[in-house]
Structure formats: C-alpha cells, structure tokens
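Colleague: Residue numbers (the UniProt record's numbering), protein chains in the order written: chain G, 1 to 305; chain U, 1 to 257.
I should point out that these hints are in silico values taken from the structure, not numbers from a laboratory.
Check before you lean on any hint, since a few could be wrong.
Under the rule of at most 30 Å between Cα atoms (straight-line distance), these lysine-lysine pairs were calculated in the DSS-like manner [to be verified]:
hint, chain 1, residue 1, chain 2, residue 2
1, U, Lys253, G, Lys22
2, G, Lys110, G, Lys181
3, G, Lys110, G, Lys142
4, G, Lys129, U, Lys253
5, G, Lys181, G, Lys129
6, U, Lys204, G, Lys142
7, G, Lys129, U, Lys204
8, U, Lys88, U, Lys19
9, U, Lys204, U, Lys88
10, G, Lys22, U, Lys19
11, U, Lys253, U, Lys19
12, G, Lys142, G, Lys129
13, G, Lys22, U, Lys88
14, U, Lys88, G, Lys110
15, U, Lys88, G, Lys142
16, G, Lys110, G, Lys129
17, G, Lys142, G, Lys181
18, U, Lys19, G, Lys110
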Amino acid sequence: MIPALTIENLTKQYAGGFQALKGISLEVQHGDFFALLGPNGAGKSTTIGVICSLVAKTAGRVAVYGTDIDEDFAGAKKNIGIVPQEFNFNMFEQPFDIVVNQAGYYGMPKALASERAEQYLRELGLWDKRHVPSRMLSGGMKRRLMIARALVHNPRLLILDEPTAGVDIEMRRSMWDFLQKLNQEGTTIILTTHYLEEAEALCRNIAIINHGEIVENSSMRDLLRRLHREVFIFDAVDELPDVVEIEGFGVRRVDERTLEIEVEKGQHINEVFAGLSQADIRISSMRNRANRLEEMFVRLVEGAQ
Amino acid sequence: MNFQEQWVALVTILRKEVKRYLRIWTQTLLPSAITMSLYFVIFGSLIGSRIGDMGGFTYMQFVVPGLIMMAIVTNSYSNVVSSFFGSKFNHSVEELLVSPTPNYIILLGYVIGGVSRGLLVAVIVTLVSLFFTDLHMHSFAVVVIIVLMTSILFALAGFINAVYANNFDDISIIPTFVLTPLIYLGGVFYSMDLLPDFWAAVSKLNPLVYVVNAFRYGVLGVSDVSLSVAFGMIAVFTVAAWCYSMHLLNTGKRLRQ
Chain G
1 MIPALTIENL TKQYAGGFQA LKGISLEVQH GDFFALLGPN GAGKSTTIGV
51 ICSLVAKTAG RVAVYGTDID EDFAGAKKNI GIVPQEFNFN MFEQPFDIVV
101 NQAGYYGMPK ALASERAEQY LRELGLWDKR HVPSRMLSGG MKRRLMIARA
151 LVHNPRLLIL DEPTAGVDIE MRRSMWDFLQ KLNQEGTTII LTTHYLEEAE
201 ALCRNIAIIN HGEIVENSSM RDLLRRLHRE VFIFDAVDEL PDVVEIEGFG
251 VRRVDERTLE IEVEKGQHIN EVFAGLSQAD IRISSMRNRA NRLEEMFVRL
301 VEGAQ
Chain U
1 MNFQEQWVAL VTILRKEVKR YLRIWTQTLL PSAITMSLYF VIFGSLIGSR
51 IGDMGGFTYM QFVVPGLIMM AIVTNSYSNV VSSFFGSKFN HSVEELLVSP
101 TPNYIILLGY VIGGVSRGLL VAVIVTLVSL FFTDLHMHSF AVVVIIVLMT
151 SILFALAGFI NAVYANNFDD ISIIPTFVLT PLIYLGGVFY SMDLLPDFWA
201 AVSKLNPLVY VVNAFRYGVL GVSDVSLSVA FGMIAVFTVA AWCYSMHLLN
251 TGKRLRQ
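Bound-form chain G, shown alone:
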C-alpha cells in the first residue's frame, strides 16, 4: 500500500543560515495515528509547514499518498487537512462561513460544502455557535473550529500541530475521542503535541525530532518497552524517618510524607512494598512521577545534546 506520507532527506535552511531540518526521512503508513514529537524549535512545525506548502524546502522529497509535492502540489494538497498551532482564521468571520469557504478553496460546490460544514460543526459541538463571530469563541472552540475546517474536504491525511494546547482536560478528552473515531474510520493522523500522555494514549507510531534530526522513529510499544526505569512516588500515612533505605532500590525522601523510588526493569514493585512494610512505613497512595513516554522523551532529547 502507498504510504500516506513519505519524507526523504528533507532539508530546510532559512535565509539567515539556520538549518531547521538536517535531512530527515520519515514514512507514515495509511491509517496510522502517528506522533511527531520534539522540544520547541526542534523542527516539527517546519516539517509540517513543508508538507502543506507554507514553508519552502531547501532539498529533499515529500510525497503525500504517492503524489510528489514538486510534481503535483495541488494533487498532494487535496489529500491533506491541516490544523496549525496558531489560530489562523479571520476572527471577524463566522464559523460556518470559515468552514464553507475552506471547502470552496478545494473546489467543493456550496451546497455540499454547507452540508459538510454542518456535519463537522455538529460533531465538534460548534453548530450552535455557527453564526457567532469567531473572536467570541473560547480557545477550545477555536481549536475545534480549525479541526472542522481541516476536515471539510475529507482529507485522507490529517495533520494536527498541537491541537489541544490550552484546552481544558474535559475538552481534550472529547477531542481525543473524536480523533480516535476519525482514525478508526480510515483517516491517517499525524499529531504533534507537548502533552506526551496524549501521544501515548492516541498514537501507534512515533518519531522524535531534535535539532532538525530524527532521533527516534519506531512504534510506541517498542519505544516504551525500551524504558528501563520508572520512578514512583509514594505518599506515606505517617511522618517518614530522616533516612529511608530499601535494598536494591534507589530511594529519595522528597518531604516528610513523600518518597520517590526508582524501579529498574526486572525489579518488582512488590519488593518495594515489602521493603516499605519492613521499614514500618504505611502508604496511602502511589503514582508515576512522570508518564512513561515523557521519561523516554527526556532521555532521548537530552542524550542527543
């Protein structure tokens, strides 16, 4: 099957000489939910910009569903829906007009455009706000409006550049559900996000980009499997002694009622509890210090520096 996205040796050097992309190569398969992660300034948005023609590449090849952007950019663009990081619609226009106009730019007749606009505005909970000036929408609504706009021409590849930034947790969860449903229906999705739990929850494959280079490209499962260490936080019922030691584990006393304990791959959390019981420490609750992907991400990005 033709990949949804093929990037080969993509390079971008800006006029000032800054090299944002240093020959990255990437392939995203049809139907994938793909995470493109990296710290700020790593090159994620530049990559997305090149794919959707907002950034001119210096060298390399990009193909969307087999259509090379240098040979038939219009053909490639028909397959792409883009939700950018920044709000990029006219705040004085109404959501319904914004979505219908976008469909028009793809050559869709107005009747069909109106039908699709209604469908997506309803699905994303914006139908009641369709005639409100867009500037009056909340941040979450504006993000959902950009998703509706990106979907109106039924793209096969949807690219979301931090779609849930600044969105409250309830809204974020409902957007996750929507995106998962969309992916199950066959839309390939590329997601960039700073919420790593979001990527972990949604994406099957992942690429991590840092300083314009791909430092990791694998399945989410394989990546997380390579994580050799997890840090757990334990909340104690009673005040902790000044020194707490459990044989075989790294223990750090955070405050009088909190412990951080490192559990290496192959070790068992039961052993931690056994050690805590032996030290007569009662535990009221326990949680991960960071999510697993975050742990791996920090390690990969720091390792590359």
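Model the placement of chain U on the given structure of chain G, informed by the hints.
Modeller: Below, chain U alone, put in the same frame as chain G:
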C-alpha cells in the same frame, strides 16, 4: 483542480471579498460618497462657478469624470491592499495557501473583489454627481473599458503593496504619498492645456493623466492625451503588474517561509 473546481474557488474568494466590504460599508463605501459630495460642493459648485468653462464644459462637468475615476482608483487599490494584508496579518491567507487553489485564481479573486468595490463606489459617486450636474455619455464602450482596466491595474498595485507591507502603516504609505499626489496632479481638477509646456510634458509621466483623460473622453468626448496612447499605457502597466504579482505568489515571497 479542474475548471469547475477552479471556478468554485474563484467564486468563493470573490464572495468572501464582497461580503467583507459590504459588512464594513461605513468604512468602505460611505466615505467615498461623502468625500466626493464635498468635492462636488466645494470645487464644483462654490469655486467652480467662479472658474467658468474648461475644455468647453462647465467646471462641474469637467471635474466629475476625474472625481469618479479617483474614487475607482482609491477603492480598488485600498480594497485589495487592506484585505490581503489583513489576511496576511491574521494568517488567514494560509487557508488559501494550503489549499489546491492555483495562484492565478487567488490573484484573480482578490483583483475582481477590488474591481467590484471600485465599480460599486463609481456607481454611488455617479449617482451623487447627478444631484450637482447633468452627465452625458460620449462613449459607453470607452467608459466601460477604461473603468475595468483602471480598476484591475490599481487592484493589482494594491496586491503588490499588501505583499510587501509589514505593518498597517505600510499599507497607507503608498496611497498617501504616491497615489493621492498622482491623482491630484493627474488632471482631475484642471486641463493640461493650462500648464506651461515643461509641466505639461512632466505630467505625461504620470499614469493617472492617461487614466483620467481616457475616462473624461468616454464621458465628455474631450481628452488632453491620445486615447490609443492612454489604452496602451494602461494595458502595459496592467500586464506588468499582473506578471509581477504572479511572480510574488509563485515564489511565495513574504508569504511562505
């Protein structure tokens, strides 16, 4: 995109443009009507009545074509410059840039939008002028052609200005310091015959002289310049402006990173 899809994209841009200037009609349509009414009252009635005939017509009849053309020039220009720069400023131009709409359709959409506003304002100003004087059409064909060519030319000029503009000051510099002086010195209020030979020759470097005089010929049947030269000059400027605008869009200069 096939022809039908391109047509839909063009209509979409045009509809958006028209909707935009009609939504803010107090800023886009009304000011021209008021300004031109003041010109008619002050230059046409009050001062004009003391000036007497010019080129065989009353002063009011003489200035009306120039004033209508002035409204067309400023409105086609300012519509495109403000709309396109606005979409650049709020990044909504990306809606178009990420779509498969060809660049020439994008340009055509904005230009026709500017032309439509120029024509609408021309109709308003013409109707206002009828309160002050009688207008007779000498050549309807010349009027239509010159109005279309002029509004296309200045819509394109507005587009180029918008692409280069970095802030809102930049979109008012050209109209204030270039366009307005050229219009005022373009024979709107006087006949070139009144100028000394040297200044008459210098004036012929001003493209607005050709625009105003060609339009005046269409309305009154008199012109200080040859009609064929006027059409030729406007056509050359229009083709050059179109080609340059397309170059800007194709290279993505100041639009894409």
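Colleague: Which earlier hints can't be squared with this structure?
Modeller: 4, 6, 7, 9, 10
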